[in-house]
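Mind assembling these two chains? They're in different frames, but the hints should get you there.
Chains as they are written, first to last, in full-length UniProt numbering: chain P, 1 to 174; chain U, 1 to 270.
Keep in mind that the hints were calculated from the coordinates and are not lab data. Nothing here was measured: the structure is a model prediction, and the numbers come from that model. Idealized CB from N, CA, C, for every residue including glycine. Hints may contain errors.
As the list claims (entries may be wrong) - Below 35 Å or equal to it, Euclidean Cα-Cα: the simulated DSBU-like pairs (lysine-lysine) are:
1. U:Lys20 / P:Lys156
2. P:Lys66 / U:Lys73
3. P:Lys11 / U:Lys69
4. U:Lys85 / P:Lys66
5. U:Lys228 / U:Lys248
To be verified - Okay, the calculated beta carbon distance ranges per label pair:
6. U:His180 / P:Asp150: 24 to 32 Å
7. U:Asn119 / P:Lys66: 48 to 56 Å
8. P:Asp21 / U:Ser23: 47 to 55 Å
To be verified - Which bits of chain U does chain P cover? Going by a derived footprint, with three or more residues having C-beta under 8 Å, they are:
9. 82-89
10. 102-116
11. 137-147
12. 174-184
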Amino acid sequence: MVSTILPQFPKFQVNVSLFHDVQNSEDIRLQVAELPFAFVDASVIVSQEQLFAAVYRVLTDLTYNKLRTKTIHSECLLALSPTSNIGEAFNRFGIQQGSTDLVVLQIVEVGQESTESANDIVKGTEVEFNNDNLLHTYNEQTLRKIYKLDNSFQPKTTEGFSQALVNAIQLRGL
Amino acid sequence: MSQKIVDKVSEYLTSNIPIKLISQGAEAVVFTTNVHPYLPKDQIGDDSDVQYIIKYRPPKEYRHPDIDKSLTKHRTLSETRILAKLYQIKDIHVPKIIASDVFNGCIWLEFLGEELPNNAGFSNLKHFLWMYNKDGANAYDPIVLRTLYEVGRQVGLLHWNDYCHGDLTTSNIVLVRDIHNENSWQPHLIDFGLGSISSMVEDKGVDLYVLERAILSTHSAYAERYNKAIIEGFSSVYKNEGEAGLKKLNELLNRFEEVRLRGRKRSMIG
Numbered sequence: 001m002v003s004t005i006l007p008q009f010p011k012f013q014v015n016v017s018l019f020h021d022v023q024n025s026e027d028i029r030l031q032v033a034e035l036p037f038a039f040v041d042a043s044v045i046v047s048q049e050q051l052f053a054a055v056y057r058v059l060t061d062l063t064y065n066k067l068r069t070k071t072i073h074s075e076c077l078l079a080l081s082p083t084s085n086i087g088e089a090f091n092r093f094g095i096q097q098g099s100t101d102l103v104v105l106q107i108v109e110v111g112q113e114s115t116e117s118a119n120d121i122v123k124g125t126e127v128e129f130n131n132d133n134l135l136h137t138y139n140e141q142t143l144r145k146i147y148k149l150d151n152s153f154q155p156k157t158t159e160g161f162s163q164a165l166v167n168a169i170q171l172r173g174l
Numbered sequence: 001m002s003q004k005i006v007d008k009v010s011e012y013l014t015s016n017i018p019i020k021l022i023s024q025g026a027e028a029v030v031f032t033t034n035v036h037p038y039l040p041k042d043q044i045g046d047d048s049d050v051q052y053i054i055k056y057r058p059p060k061e062y063r064h065p066d067i068d069k070s071l072t073k074h075r076t077l078s079e080t081r082i083l084a085k086l087y088q089i090k091d092i093h094v095p096k097i098i099a100s101d102v103f104n105g106c107i108w109l110e111f112l113g114e115e116l117p118n119n120a121g122f123s124n125l126k127h128f129l130w131m132y133n134k135d136g137a138n139a140y141d142p143i144v145l146r147t148l149y150e151v152g153r154q155v156g157l158l159h160w161n162d163y164c165h166g167d168l169t170t171s172n173i174v175l176v177r178d179i180h181n182e183n184s185w186q187p188h189l190i191d192f193g194l195g196s197i198s199s200m201v202e203d204k205g206v207d208l209y210v211l212e213r214a215i216l217s218t219h220s221a222y223a224e225r226y227n228k229a230i231i232e233g234f235s236s237v238y239k240n241e242g243e244a245g246l247k248k249l250n251e252l253l254n255r256f257e258e259v260r261l262r263g264r265k266r267s268m269i270g
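Just chain U, with the same shape it has in the complex (with noise of 0.2 Å):
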């Protein structure tokens, strides 16, 4: 990781607000902090180890300058739009926006997820995997298969509500844990980095390839039945609105047939 963005991202949120770097990608570093940009420190309440996650974008050398600074903001702020509009969808989960600075390219999230016992990782849906099919006794426990339908209407629900994630591997969902029943996860959706606003079943059936693609590659010999209660969880969505809804759901679930025989990239010939 570069010393560089670090030193950037520091001296554009000052001394004050120490950061600890989780995550980088090639657009963006995540960072948590125990700081809230804005609400005053006796305000939040006792609670000391409450976290932030901060999402920049660093500028990008080898751009020129003035198309940077307009890169960055239109991809900052596209990202902070889906997340307000997903907000107010009933049902979905995604996580809250705190601050976004389109001008820098920061955007402040909620803290979402939780250390797995055992240092099984963070709860993220390949680590919840991993941590119940490791020794194959568990794999196909009734809390992974619950999850993974609830996975499933997530994605779902964003479809049907015309959104696209772009991006959804098993890293990008977040198991959040119920607070009154400590074996139920709700899903959440994160990285809208890749996001549309899309009534093109092409890009929907994109998404669950993707989807499918991640699960098979980190958990081959359970991924028939892992993406089997995801595709029952989204169907379920679409079930629930009717005649329309199964309509639109027949119609995706060929599309997703036709993806997945001929890979994610549409062919350029004929």
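Pulled out of the complex, with its shape left as it was, chain P reads as follows (with noise of 0.2 Å):
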């Protein structure tokens, strides 16, 4: 699990997991209203930079504006889409059916972290979340579809693909 603070919004804490070959994301999908997490298809993640862009969208949100959605964490998958259509999100982003690779995020208060593990829910085998370990399991062409990519943008690295990515979630829906 990766732990860590965003230097500007020092009261919360985010925590990250990345699991591959999950067993129960059915079980998981259908009681994911009530979990303090984010669960989130890896297929449509490339790189932390993109997750974690999405996390900082959110606490500006939070903080300077408003939360479109109910909860942080369904706020977390809004961030992470180009449009602003939150049903589309969750399907987009969210855990599927079939879902086999997930990162699982949670924002909590500081002071107000949960007894509750990523790790009792999930059923699969945690590995590291990093840039290496997403490099297996991200779709670029479902990320192109989601993001509306021009085919003439072709970048020559994972992390020009990513940059792109990272430049919707800043301006989605401003």
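Structure follows, in structure tokens:
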């Protein structure tokens, strides 16, 4: 698990875990509304940068603007999306029936850490949440479609690709 | 520099983000920092002198707070949007956006450029040209002319894609040294605070004119040759686009000539 605090938002702790070979995605999906986590399908996460850019967006919206969804964790899914359609964001970024690779994200207030851990819920193999481990699970074609990237945009590196997603995340709905 | 602005931005960024002022304009102040806004520290690598740019638009006290908020939001957003669009255009070089908080008028950008050798200053086009022409001997060094050609190409690509910079000066062009060849510099356009999407020849002509004037005023003895190299690079982009490109290029260069004769501002008479 990667546990971090964004320097500008010291009141919040951000925990991220990555799971491969998840067995119980259907069970999780059914109770997703009650669980204090954001479950993101790893096939739409390219890099740490993409995920944390969305977290930054959530915390700025929470602090200086307002949340568009009911909880901070559902807001994370919206923040990943390039459009402001909440249902669409859930469908594209949220856990799916057949999801086998999951990014589990949690934002908690410092001092109010929950005892529940992602490990208690997800039945799968936990691997470190880093760019190398994301490399094999993301789907570029799906991402191109979701983020409406033009075919003329052909970055040379994964970082170059990830940057376009960061741009879209910063600009959504503004 | 008003201490008030620094206090304001420090309060917003919190004490976790140390900042160093590097530039102040009419609209925004620019700082550097070594703290990334959201990536975990241990993931960035051991490069301890990595830097990021923070561009902050402080509230203006002479404006009504509501209007101020909306203007700041508008301008920050427009700059971010243009940078995001330009990022996806092949061969155009602009700084990458790290974060953008439009509610507080704050943009985080990739840091570009370096300190030039022998205390020649930061590697923007102005200092770069000074470095080469200060004793006259190397003013027309092939490296200089090639770099200016590349500058022209960047502006050409920008205009061909119907974007205008709005404040194209020699300090707003940052040169980044090629990692494989220390004598090769890639110009990056920065500061799109006055940038716009425009298909108007007038705006583009003015862009070229402003750049020509900037070169003329700081490097007057060499300006003619320098500007020629820039226009050559600029034209090469359009010439690559066949018949349509040539037509647009002609139209543009004619307008540039017109702007040069009358100055940046159009006459209000007639």
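How the hints compare with the structure:
The suggested pairing of Lys20 of chain U with Lys156 of chain P holds, with an alpha-carbon distance near 33 Å, which does not exceed 35 Å. With a CA separation close to 15 Å, the supplied pair Lys66 of chain P and Lys73 of chain U stays within the 35 Å bound. With a C-alpha separation of about 25 Å, the suggested pair Lys11 of chain P and Lys69 of chain U falls inside the 35 Å cut-off, and the hint holds. The hinted pair formed by Lys85 of chain U and Lys66 of chain P meets the criterion: a straight-line CA distance of about 26 Å does not exceed 35 Å.
With a C-alpha separation of about 19 Å, the suggested pairing of Lys228 of chain U with Lys248 of chain U holds against the 35 Å cut-off. About 29 Å separates the C-beta atoms of His180 of chain U and Asp150 of chain P, a value consistent with the hinted range of 24 to 32 Å. Asn119 of chain U and Lys66 of chain P have their C-beta atoms about 50 Å apart, which keeps the hinted 48 to 56 Å range intact. About 51 Å separates the C-beta atoms of Asp21 of chain P and Ser23 of chain U, a value consistent with the hinted range of 47 to 55 Å.
Restraint check on the region 82-89 of chain U versus chain P: 4 residues with Cβ-Cβ distances below 8 Å, three needed, restraint holds. Here's how the region 102-116 of chain U fares: 3 of its residues keep a CB closer than 8 Å to some CB of chain P, so the rule of at least three is met and the hint holds. For the region 137-147 of chain U, the stated coverage by chain P is not satisfied: 0 residues place a CB nearer than 8 Å to a CB of that chain, which falls below the threshold of 3. Figure legend: the region 174-184 of chain U, annotated as covered by chain P; annotation inconsistent (0 residues with Cβ-Cβ distances under 8 Å, at least 3 required).
The earlier numbered hints that this structure contradicts are 11, 12.
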